[in-house]
Amino acid sequence: MLEKEIIDYNLWQKLLSGDRLALNIIYERNLSPLYQYGMRMLQDEDAVRDCLHNLFVKIWVNHKTLKPTDNIKYYLISAFRNTIINYKTQESKFQKVDIRDNEVFDLKFTVEAEYIKKEEQNKKILQLSEAMNKLTPRQKEIIYLRYFEEIDYDEIAEIMDLSKKGAYKLSARALEALREILNVDKAMLLAVLLAVKA
Amino acid sequence: MPNKTYNSYNAENFLDDADFLRYVKYNNPSDVSFWNNWQAVKPENLKSFKEAKLQLQLILSDQPKAETINFRELLLQDINLSVDAIQKSKKRKLIRLVWTSGIAASFLMVTLISWFFLSEITIKSDFAENRLVHLPDGSEVKLNANSSLTYARAFNWKVRREVHLAGEAYFKVKHININSDQVKKGELFIAITDGASVQVLGTEFNLKDRHRKTSVALIKGKIQVSSNSTGKSYVMHPGDFIDLDGNGNSVENVNDFANQTAWLSGKIVVNQTTVNEILREFEDLYGYKVMLDSPALGNKKIDGAISIKSEESLLFTLKNILNVDIQKEGKTIYLKNRR
Numbered sequence: 001m002l003e004k005e006i007i008d009y010n011l012w013q014k015l016l017s018g019d020r021l022a023l024n025i026i027y028e029r030n031l032s033p034l035y036q037y038g039m040r041m042l043q044d045e046d047a048v049r050d051c052l053h054n055l056f057v058k059i060w061v062n063h064k065t066l067k068p069t070d071n072i073k074y075y076l077i078s079a080f081r082n083t084i085i086n087y088k089t090q091e092s093k094f095q096k097v098d099i100r101d102n103e104v105f106d107l108k109f110t111v112e113a114e115y116i117k118k119e120e121q122n123k124k125i126l127q128l129s130e131a132m133n134k135l136t137p138r139q140k141e142i143i144y145l146r147y148f149e150e151i152d153y154d155e156i157a158e159i160m161d162l163s164k165k166g167a168y169k170l171s172a173r174a175l176e177a178l179r180e181i182l183n184v185d186k187a188m189l190l191a192v193l194l195a196v197k198a
Numbered sequence: 001m002p003n004k005t006y007n008s009y010n011a012e013n014f015l016d017d018a019d020f021l022r023y024v025k026y027n028n029p030s031d032v033s034f035w036n037n038w039q040a041v042k043p044e045n046l047k048s049f050k051e052a053k054l055q056l057q058l059i060l061s062d063q064p065k066a067e068t069i070n071f072r073e074l075l076l077q078d079i080n081l082s083v084d085a086i087q088k089s090k091k092r093k094l095i096r097l098v099w100t101s102g103i104a105a106s107f108l109m110v111t112l113i114s115w116f117f118l119s120e121i122t123i124k125s126d127f128a129e130n131r132l133v134h135l136p137d138g139s140e141v142k143l144n145a146n147s148s149l150t151y152a153r154a155f156n157w158k159v160r161r162e163v164h165l166a167g168e169a170y171f172k173v174k175h176i177n178i179n180s181d182q183v184k185k186g187e188l189f190i191a192i193t194d195g196a197s198v199q200v201l202g203t204e205f206n207l208k209d210r211h212r213k214t215s216v217a218l219i220k221g222k223i224q225v226s227s228n229s230t231g232k233s234y235v236m237h238p239g240d241f242i243d244l245d246g247n248g249n250s251v252e253n254v255n256d257f258a259n260q261t262a263w264l265s266g267k268i269v270v271n272q273t274t275v276n277e278i279l280r281e282f283e284d285l286y287g288y289k290v291m292l293d294s295p296a297l298g299n300k301k302i303d304g305a306i307s308i309k310s311e312e313s314l315l316f317t318l319k320n321i322l323n324v325d326i327q328k329e330g331k332t333i334y335l336k337n338r339r
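Chains A and V, in that order, are what the protein sequence lines are.
According to my numbering, the first sequence is numbered sequentially starting from 1.
According to my numbering, the second sequence is numbered sequentially starting from 1.
The following block holds chain A by itself, in its conformation from the complex (with noise of 0.2 Å):
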């Protein structure tokens, strides 16, 4: 982990320096989860390519200004929330919608995977899935940066720009919006809605 921090923040110094090939390197390594991010936000694969050209090409008009990082996937995400978010806006006054009427996050919960079909908690963990698939954009996003991206809460609640309170209310009303769905078991859902804790 440590060696990973290491390696990160070198390969960014050298970017920060104007090193063309540490650009390539970064995009090579964080493209992935990058792409996967910004499908899930705007299931447009034209407006996920422009939002990360937009990203790279802007990182390297900014290099001699950007702040060090010993976390560039961190760094990057943050930066291309933020892309996404601008480009939306524009869309939206383009299109003239409201962005928060039509906001979707693409994640999907579902209980047909060969390995949970095996196993005896089938109704509870079906039960469960239809609560999950239910949860707001925004609830979705946090538990896919957690698990998927394995960013921590402290980082994502700056990413997503939440204050601990408001982390605290999402993950309040997440657990009310689950309690009037379904009657899950206690210890589970508040497992499920820890993860949704910021």
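Be careful, since some hints might not be right.
[Stated by the list, open to error] Here chain V is said to cover these stretches of chain A; the calculated rule only asks that three of the stretch's residues, wherever they fall, bring their Cβ under 8 Å from a Cβ of chain V:
| hint | segment |
| --- | --- |
| 1 | 13–26 |
| 2 | 34–45 |
| 3 | 50–56 |
| 4 | 146–154 |
Derived by calculation from the structure, the hints in this document are not laboratory data.
All C-beta atoms, glycine included, are put in the ideal place defined by N, C-alpha and C.
Following the hints, complete the assembly by docking chain V onto the known chain A.
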């Protein structure tokens, strides 16, 4: 494999554990064998473990969204093309900046230099005001009232030291000539009036140019006076005095010599001088217009010294000598015969 107290973990703890996450997510053989061993002893919290594993599998159940190799390579190409274009335009901007700032700097320098070499300094004395001017070469010029002296800002850089005078001034020219057989650049001093130019090396002289008449009186050294209209030159020696009228003809009058520098001590020394001439001097110095009752009065000749330190003392003297009444109306003075 980290040695943690997994036996006391509940489902939440498992969900928060990075090693547990890695096990469920990637199924690495070493992780799988560790957790199989851990389950084999049937720990009390085996149920929590299974719950957590199930939930995590549910959370991670969505299919990954992977980009195609085509997408990855083409996008990188596009990014590099954009970055290249930006680099090029930056370089072009820099080159343009260097050029434009270079041009601007040289333009500014040319402007400054031409301003320095082409611009002139003019010093003016008001009516009833004498001024002392120090020239850049160390020469001194005492300006009489209502006179002006003009010289180049780059006075010391010129081939010859050149000043232009309107009115009257007393010159103390600094002698900077080393070898009198060979007059070098900048050693010659020239004072120019409308009517004449005075060429000197180093000397003291009085130069007056009023009403198309130029008068030069030499106190020290040697000077050459040239008429601007006839081009005729006169070499003068100390004590010499020369008058050039509007046509450039010399009207020498040796007797007048002392009069020429009397202004320096605040006097006019007159010697068979008409009242008209004295009044004209007064008009020049104090800016008044003097009107005489009878023309005859103006032709009256006077001898002696009259103080010109203040207009009051001058008027008082005239009043007594001419036996007239004085009436001042704004800038006009009327001299009226007493009846």
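So, going through the hints one by one against the coordinates:
1. Residue count for the segment 13–26 of chain A with a Cβ under 8 Å from a Cβ of chain V: 3. That meets the three needed, and the coverage hint holds.
2. Figure legend: the segment 34–45 of chain A, annotated as covered by chain V; annotation consistent (5 residues with Cβ-Cβ distances under 8 Å, at least 3 required).
3. Requiring three or more residues with a Cβ within less than 8 Å of a Cβ of chain V, the coverage given for the segment 50–56 of chain A holds, as 3 such residues are present.
4. Under a criterion of three residues with beta carbons nearer than 8 Å to beta carbons of chain V, the stated coverage of the segment 146–154 of chain A is upheld, 3 such residues being counted.
Of the numbered hints stated above, none is contradicted by the structure.
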